[in-house]
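**Student:** Spelled out from the first residue to the last, the chains are:
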Amino acid sequence: MSAALRLRDVGKEYPGGVHALRGVSVEVPAGDQVAVVGPSGSGKTTMLTVLGTLERPTSGAVEVAGRDVVAASDSELAGLRAFEIGFVFQGFHLQEAMTALDNVATGMLYTGAPARERREAARAALDRVGLSGRLTHRPTQLSGGERQRVAIARAIAKRPVIMLADEPTGNLDSRSGQEVISLLHELAADGASLVLITHDEQIAGTFERRIQMRDGEIVGDERQ
Amino acid sequence: MTATSLPLPGGTRPDAPRRPETARLPPHELLSIALQGLRTRRLRASLSALGIAIGIGAMVAVVGISASSQANLLATIDSLGTNLLTVAPGQTFLGANEVLPSTSVAAILHQPNVQTASAVYQVSNVSVLRTPYVPSEQTGGIGVDAADTGLLAALSDRMASGHFLNASNERFPTVVLGAQAATILQIPNASGHIQLFLGGTWFTVVGIMKPALLDPNLDTSVFIGLPTAERLFRTQPNASEIYVRTNQDSVTSVSNLLAATADPQNPDGVQVSRPSDALEARAAAKGQFTTLLLGLGAVALLVGAIGIANIMVISVLERRAEIGLRRALGATRRHITIQFLAESALLAALGGIAGLLLGGLATLVYAIARGQPWVVPLYALIAAPVAGFAIGAVAGLYPASKAARLSPTEALRAT
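Note that the protein sequences, when read in sequence, are chains A and B. For this note's numbering, add 280 to where a residue sits in the first sequence, where the first one is 1. For this note's numbering, add 901 to where a residue sits in the second sequence, where the first one is 1.
Hint data in this document are derived by calculation from the structure and do not stem from the laboratory. Here the structure is a predicted model, which is why all the values come from computation and not from measurement. Cβ coordinates follow ideal geometry from the N, Cα and C atoms, glycine included. Just so you know, nobody snuck in bad clues.
Here chain A is said to cover these stretches of chain B; the calculated rule only asks that three of the stretch's residues, wherever they fall, bring their Cβ under 8 Å from a Cβ of chain A:
| id | segment |
| --- | --- |
| 1 | 922 to 928 |
| 2 | 934 to 943 |
| 3 | 1223 to 1232 |
| 4 | 1305 to 1311 |
Use the sequences and the hints to build the structure in full.
**Tutor:** This is the structure:
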C-alpha cells in the first residue's frame, strides 16, 4: 500500500535559530495508526503541522496523499486540507455561536459542497460519534468529551484519508479521554491514517506503532 | 484493501486520494460567513456601522434638504409663472432717472402675445401715518404707490385679507397694503374700519396683500387708485414699473420688443427684466452651498471608516483561533482576506443603508417643518449603500491582509 504521509530528511527552522525539526524521515502507510510521544519542545506539534501542510519545511521533502507539499501552491495545499486531512485539536476550536451541526458542517465549507450536502454529511458524522441527540446544542451546552466528539465529527465529515490529532485528550478527564481515543481508533479503522500526539503513555499504548521524538529528531519508531 | 473495508457512512475514507482539487468557497457561502461574523458580534458591529451611518446620513440630509428647498423654490416659480416681465425706467448716462411715457402701458397691451400689463406709479412726498399726530418723517420705510386695478392678477398674487383696488373704489380714498407694510403698521386685517392718514386725507384700508414673491419690493408699499392719486397728489401717469404677462412660449420675443414699445423715442432708457430669473438663480445658489456641507459629511465618513478599520483590526486579533481553524479546514490566504474584506464592506454598506434612512428621515422632518415637498435625490438611494460598501472595503484592506498573513499554527495556539 502506498504511503499516505512521507517525510524525507525534513528540517524546520524558525526565525531566531530554533531548530524544531532536524532531519526527520518517516513514512506512514495508508491506514496506519501512529502515536507520537516525546517531551514538550521535542518537535511533535511542528511535525504534525508539517504533515498537515499548515507549515512548509525549511528543508527536505514532504509528500501528503501523493502530493509534493514543497512544490505545491497555497491553494493546492488548502485543497489537500479541505479534502484529505482532518484535524483534531486539544482546544476543540468550536465556534461558540454555532450549533453542533453547523460546527461540523463548517468542516466541509471549503470543499465547495452545497450547504444541504454538508449538513447531511454533518448529521451522519455526528451520528457516527454518538451525538445524534445533540445536533442543535451549542458548544457551551456540551461536556468536554462531547465537544471533542463534535470536533472529531467535524474532522471526519468530509471523510478524509488522513487524520491528525494534537493532544486530543489534553483537556479531558481520563474517562472521556479514553472514549475519544477509542472513537478515533474505530473511525480510522475504516482505512484512514491516524497520527496522534500524546503525553499519555497509556494512550500511546493503545497504538500499534509509536514514534518517539526528542530535540526535533525521531529517536524511536517501534511497532508492537 | 479488501471489498469488506468499505467505509461506513460518516466514517473516514480508505480509498486513494481524489484527483487533485483546490479549496473552493462559493460567493454565497462567503456572504453567509461574513453575515455570521457580524451577527455574532452584534453590538460592536452596530456601533461601528453607526459611524458610517452618521456620515452618510449627514450627507443624505444635506443633499435631501437642499433638493427639497430647491424643489420648493421651483414649485413656487412654477406657480407664479415664468412669463412675467417687468419694465422700468432706467437711468440716464449721467445717473438721473429716466421717465416712461404715459402711453407705455397702452402700447404694451397692444403687442401681440401680451396677456396683461399693469403698472404702479410712484406717489412722491406722501407718507403713510396711523394718525395726523405722528410726525410725517416717521414713514417706517413705507412708500406710497398708485396702482392699476389689474396689478394683483399680473403678479399672480393673492389677498391676505379684504380685496384689491377695483373700478368701484379706485376713485375714492381707499388703500391696499403690501404684506410687510401691514406688519409695520400693525394692521392685522382689512375690516373696513381702519383708516390711514395719507398726505392730509384719511384713506380706508380695504385690503392686505400676501407677500409678492416675484417682486418683494412691493411688500413695503401701500397702493391707492391712480385717479385718486392724480386728483389728490397730482401724480403723473408715468409708470415706475410695468408688470407684463406674456404667452408662455413667446416670453423672449416679447421681451426683445418691450423696450422699444414702452418708449419708442428712447428705448435705451428702459430696463426689462424677468423676475423668475432671480428666483432660479437663488435655486441654483442653494445647490452651490451644499458642497461645503457635503465636505463636512465626508469628514464624518472618514472618521467612521477609521472606526471600522479599528474594529476590524481588533476583531482579527480576537479571532486568531477562528482564522487558524479556517486555514486548517482548507481556507486559503485569499479566502481569509476576502472573508474579512466582505465583513467590513458589508458592515459599512449596512451603515450606508441606515444612513440613508437617517438622512431621509431628517429631510422629511425638515420638509414637514418648513412646509416643503420631501425630496431625496434618486442617486442617493444607490450612492449611499455603494459608498458605504466601498469605504468598508478600503477600511478592511489592512485588517484583512493582516488576518491572511497570520501563521495558521500560531493562530491555532491562541485559544
